[in-house]
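2 protein chains.
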Amino acid sequence: MKSIPIILLGCGGVGRQLLHHIISCRSLHSKQGIIIRLVGVSDSSSLLVSDDIMLSGMRNEFLAEICHVKSAGSPLKSLLNHGHCQLYTGQGALENIVSIASSLGRSTGLAVVDCSASAETEQVSSLGCCVVLANKKPLTCAIEDFEKLVSHFRRIRFESTVGAGLPVIASVTRVISSGDPISRIVGSLSGTLGYVMSELEEGKAFSEIVRAAKSLGYTEPDPRDDLSGMDVARKGLILSRLLGWRINLSDIKIESLYPSEFGPDSMSTEDFLSKGLWQLDEKLKERVATASSKGNVLRYVCVIEDSRCNVGLQELPKDSALGRLRGSDNVVEIYSRCYKNSPLVIQGAGAGNDTTAAGVLADIIDLQDIFA
Amino acid sequence: MKSIPIILLGCGGVGRQLLHHIISCRSLHSKQGIIIRLVGVSDSSSLLVSDDIMLSGMRNEFLAEICHVKSAGSPLKSLLNHGHCQLYTGQGALENIVSIASSLGRSTGLAVVDCSASAETEQVSSLGCCVVLANKKPLTCAIEDFEKLVSHFRRIRFESTVGAGLPVIASVTRVISSGDPISRIVGSLSGTLGYVMSELEEGKAFSEIVRAAKSLGYTEPDPRDDLSGMDVARKGLILSRLLGWRINLSDIKIESLYPSEFGPDSMSTEDFLSKGLWQLDEKLKERVATASSKGNVLRYVCVIEDSRCNVGLQELPKDSALGRLRGSDNVVEIYSRCYKNSPLVIQGAGAGNDTTAAGVLADIIDLQDIFA
Ligand SMILES: NC(=O)c1ccc[n+]([C@@H]2O[C@H](COP(=O)([O-])OP(=O)(O)OC[C@H]3O[C@@H](n4cnc5c(N)ncnc54)[C@H](OP(=O)(O)O)[C@@H]3O)[C@@H](O)[C@H]2O)c1
Ligand SMILES: NC(=O)c1ccc[n+]([C@@H]2O[C@H](COP(=O)([O-])OP(=O)(O)OC[C@H]3O[C@@H](n4cnc5c(N)ncnc54)[C@H](OP(=O)(O)O)[C@@H]3O)[C@@H](O)[C@H]2O)c1
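Chains as they are written, first to last, in UniProt numbering: chain A, 1 to 372; chain B, 1 to 372.
Isolated chain A (complex conformation):
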């Protein structure tokens, strides 16, 4: 039996789903000779560490209890008396992660699994443990910090940061390592913006679509977090850096779907939805019509080509993989020597806790050869 000890940072939607997947995959993984041991788990205020980090880690029942308590909105610390574990807060939490990483990291190995929205994993990456990320932040910081984080490239996985569980990072990595130079990546990397663009194509008004998407739970609480394109830009940055480009977020040209005078600094979410949004309808309608008059469709895409990454609206052929896209699926087209005339296309659901956590779990399992 190969044992993979993990510390989970963050038990929000993705982190909790990961705990569920770990429990339900116990027998599948043990058939493959693998056991995942949860030795620590953190939320924004504290870190719980199992008393027997060298042994079995936290029991299934305790994992389930963590999920239960966290989905009820309570903090992790309310679990202190339930399991055999220690609680650390503030700087003590980070210090303890560091201390576990350095003790386990050198003996049996450790994977720090970041399903938080913080930037702490940066600090643990230098300790020689493995890192699995759903969190884009540590990968989209300054290029120097990124390079430090990925310097032991075989010890890090971050599939779920782009297209959730879709095998985008794994496929790009394969293509690169086979010496097939990638000349261009074009992707629709936001489920929300994919949905918005295909609804626009149906002739609906932008304001109507965004409001409907918000009420369906397809958008962030403030839809401008999606409409700004910043999340797509972070994904584009991760892909660009994977190609070896030494660029930063500030090097990416990002087209926001709202003007800066409608931004969070100038108006509240409510004002944006009620007063700002409809003023954008006409311009987008025109752009869709212009595209359509040329036989094209309008898509919100990330284009990575010629050492540049651009994020924004593009007119694309109706019959390309991107042009045919409907609903909230993500799609990525990869062009290289082998995939020149007709790209390598990967398509499917690119968001959601289930598929994101599944991607994280596949990453953990993919690290198995490094563990004793």
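Keep in mind that the hints were calculated from the coordinates and are not lab data. Each statement offered as a hint is correct.
Repeated chains share a single entry, so a pair holds when one copy, or any two copies, can fit it.
As a list, the in silico EDC-like pairs of lysine to aspartate or glutamate whose alpha-carbon atoms are at most 20 Å apart:
| # | residue 1 | residue 2 |
| --- | --- | --- |
| 1 | Lys294 | Glu199 |
| 2 | Lys31 | Glu147 |
| 3 | Lys340 | Asp354 |
| 4 | Lys285 | Glu315 |
With chain A held as given, fit chain B with the ligands onto it using these hints.
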């Protein structure tokens, strides 16, 4: 520097391309801390073994010479006096592979890379070395032999056996290991048959299309090797077994595009092309028309579902990934809990020496963590 010693079985189209890729990726791989050392290479009649298998392996110039000699149609043995190597033939060749595998396999590790069309890798797989396959044969033998071959699942890779370099096996493996149960795989897994079906859709006659495809080099020398569906069935078998099904080739229902009375036992390739083929035109034209009358298109697919694998013609929705397929691209749709309503789709060139060899090379690199 991590060193990966390999023995290459087969230096036909794929094997030679792999040697070229290895040479041109030397600096890329050395930046990643990897060096691939060719310690042996075989064709159908002999095995050449480098004199210094423990050291650097064969030099780049010798690899280039192998490619040169083999593409001129000469046997490997004509190279005996050119490099620092030993030649073995017949049973001696196999015995030497076994002896290298058991000496290197236990010390620095060894990967046997099978780009042949033989079944010999089966015999070396039990020696504790890694195995990389472009050759489908060892995976499509009796289920017991298959299970022996994949029993150390982390030591074998076979991406290029399905969809050439397309990341199909890697993606299916990821989905499975994340505990996301696959309920259905549908694929167009033959570039030749994909081409034939999309040309049929354009209204051309079957006999005309097949003859054109043959003269363009899209088919095997005897096009019936493609039209029989047997190659697609082997790919379907590999995917089915990857899902854990204990089935054999004989369990697969295969629809051939020609009747048995037109088979190789009854008529020559020339007779088939000149006398047999056109008799099939009418029936296929009707099937295309029937599909079209329901708004569907006809595709030659492999369907893996409910513990059954079927290979043959299917009517499919025009706007599905498979229905939209044009030309010789392969496409695979994977349905699971995470990819339920909208499948995970992988599409792109699924044949050709370049992409097949690239897939083999990515597989070799993917084994790196096992090597010292
Ligand atoms: N959901 C998706 O579809 C998806 C897809 C791809 C990537 N991601 C990424 O995955 C990550 C998690 O997403 P989510 O939807 O699960 O978010 P979420 O529900 O907001 O949960 C975030 C979790 O991180 C914790 N956290 C915040 N700061 C922390 C810190 N400094 N140390 C440790 N934990 C901290 C939070 O603690 P509290 O419970 O105390 O607030 C919470 O448990 C995010 O980075 C997101 O961008 C999500
Ligand atoms: N080409 C593609 O697009 C593609 C795609 C996916 C998979 N594949 C698979 O990849 C493999 C190689 O394809 P290919 O196109 O390169 O075939 P190929 O050009 O016919 O070459 C086959 C090579 O295997 C050698 N060989 C035959 N029997 C052998 C044995 N017992 N031991 C060692 N070598 C032996 C042959 O030796 P001689 O030189 O002495 O004849 C030849 O060098 C096949 O299994 C094929 O199905 C090919």
